[in-house]
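Novice: Taken in sequence, the protein lines are chains Y and Z.
So for the first sequence, our numbering puts the first residue at 1; every next one is plus one.
So for the second sequence, our numbering puts the first residue at 407; every next one is plus one.
No lab work stands behind these hints, which were simulated from the structure alone.
Bear in mind the structure is a predicted one, so any value in this text is a computation, not a measurement.
Keep in mind that a hint or two might mislead.
Said to hold, decoys possible - Not the full set, but computed from the structure, chain Z residues with beta-carbon under 7 Å of chain Y:
hint, residue
1, His495
2, Ser496
3, Asn522
4, Leu526
5, Met528
6, Lys546
7, Arg548
8, Leu552
9, Val555
10, Val559
Don't be surprised by glycine CBs; every beta carbon is placed ideally from N, CA and C.
Given next are the chains, with one letter for each unit.
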Amino acid sequence: MKRREFVKKASLTSFAALLASDIVFGAYMPKGYIPLALQEADPFQLFKKHNEMVLLNDRPWNMEAQAHLLDDRITPNARMFIRNNGLIPEISNVKDWTLIVDGESAASKKTYTLEQLKIKFQQYTYQLTLECGGNGRSEFDPPAKGNQWTVGAIHCAKWTGVRLRDVLNDVGIKSDAIYIGYHSSDVHLSKSKGKEVISRGCPIDKALQDETLLAFQLNDEDIPMVHGYPIRLVVGGYPASASGKWVNRISIRNKIHDGAKMGGDAYRLPCDPVAPGEKVAEENMCIIESMPVKSLITFPKSGAILKNKKSLQIRGHAWAGELEVKRMEYSVDFGSTWNECQLDKPANRLAWQHFNADIQLPGKGYYEIWARATDSSGKSQPMLVPGWNPKGYLNNACHRIAVKVV
Amino acid sequence: MSQDKDFIYLLNKTIYFLLFVFAMTLVLSAMIGYYIYDPNLSAFKSETVLVEVISKNDPDKIENGIHLRTGLVEAEGLMVVVNNCTGCHSSKLIIQNRMNKERWNETIKWMQETQNLWDLGMNQEVIVNYLVNNYPTKKKGRRENLKDVDWYVLEN
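Throw the hints in and build the complete structure from the sequences for me.
Specialist: Next up, the structure:
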């Protein structure tokens, strides 16, 4: 009943809004444009999301997938998690959209229109893994602050755009450059003008990698509004917050970028490990760079009952931040024994890797299938929740599903 | 050349006119047909719309111990929390989180320093007490059992 009411309200609102704006500004409306007033409507309909996605927050929008929704090799928009820090900006005319490149370590200051970026620089397409730094936060004890992500704040979609490196080189990078920071046009929750919602970035070496893109297409279409239309900085392998949405300015910095959510507890870990719940002084917090090794069983969905059979095929994906996954294993006996999965090479650097295995269960009863990935440096996923930190980042504990043989 | 244009223009106009007449006929016959079938137009007076009107008129409505507009638990301090904490962010963010007094106070300080939250004065204690009493932390240990498993028969 509640749900029906919600949906009804949402569709009425969006219909009314569409009608009004179609008549007046129809020709100028960018594809995927969502008026600010609509940001309280039904997000499933508004953002074209699968109805089994889980809504964590509606102001700002935060929505995650479930493991079984992520079975596709390339994640479609309908199954991509949403993590917004502020309100989606109103973009009235994409032709007026510009990207400024500036900063202490920029040899000049340049402004590009979207069209100029597309024409002037060569375009590249990569499959890139973006995982929210707080994916898995819900498992920390004592509970960590923020949206309580379980396992679904991860996707690997196909991004098309120009290399950030090519654009930065066109502007000119001074030799003292050590970091880049992005600036975006999203609106602060308090609606105060000029207050940046989030302005993060990455070290210059990461910014200059082949796969670091200023993207304008997601899975061969314009990037949906909620994922950063018209331009998103895509920095695969890093916490997804480094991949700024609605980017309008990139600053080349001669110091670590100091924008919103670069300091305090945000996207930072205790430099030295702490006991669960321990207080950490700000100066003892270090910025997260590469995400850790992790994997997800995407088939079957947890809760499978096998009738008159003991064999089961599983599949999923594994990723390792800046590194590659070199081994993938599963266990049906809580880690007493591990068996190798068949593991594919990534489609390109920073893309997740697909795995599968044929499992023979020993007999009737309740089983859990645990998955464990190992990266190219030899690090494996822990079976327990790893080091506690104030904001509950980087929980890469093994994923598991429940199975019964009857 | 301009004759061609004129012709295309005329042709377009005629097509649009015919389409318009056709569409209007369709709409009218549908409306009449529906009126004959359901003279009370009951499908347009659905119960859900009524609910919407009530909840809009009464933002403080409470049902089964839950404040309907925000989903927060009814208890001492509820409206202080609603008025101070749900202006900027959704109540869903509150309901998801579980912290002790010290950490809620730190979170409030963080919101004041970075998120434009105002001085809460005497209300801060009321708010923090409401949060720790109604949304208490629970022990999870290093790894919980799998819970809420939705069992189904896997074919093939």
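Novice: Next step is simple, just say for each hint if it's right about the structure.
Specialist: We went through each hint and held it up to the structure:
At its closest, the beta carbon of histidine 495/Z sits 6 Å from a beta carbon of chain Y; the interface hint therefore holds under the 7 Å criterion. Evaluation of the serine 496/Z hint against chain Y yields a held restraint, the C-beta minimum of about 4 Å falling below 7 Å. For asparagine 522/Z, the interface hint holds, since its Cβ comes within 7 Å of a Cβ in chain Y; the closest pair sits about 4 Å apart. Below 7 Å, beta-carbon pairs count as interface contacts, and leucine 526/Z has none with chain Y, the closest being about 15 Å; its hint is therefore violated.
Interface restraint check for methionine 528/Z: the shortest CB-CB distance to chain Y comes to about 22 Å, outside 7 Å, so the restraint is violated. Evaluation of the lysine 546/Z hint against chain Y yields a held restraint, the C-beta minimum of about 4 Å falling below 7 Å. At its closest, the beta carbon of arginine 548/Z sits 4 Å from a beta carbon of chain Y; the interface hint therefore holds under the 7 Å criterion. For leucine 552/Z, the suggested interface contact is upheld, since its CB lies about 5 Å from the closest CB of chain Y, less than 7 Å.
With a cut of 7 Å, the hint placing valine 555/Z at the interface with chain Y holds, because the nearest CB-to-CB distance is about 5 Å. At its closest, the beta carbon of valine 559/Z sits 5 Å from a beta carbon of chain Y; the interface hint therefore holds under the 7 Å criterion.
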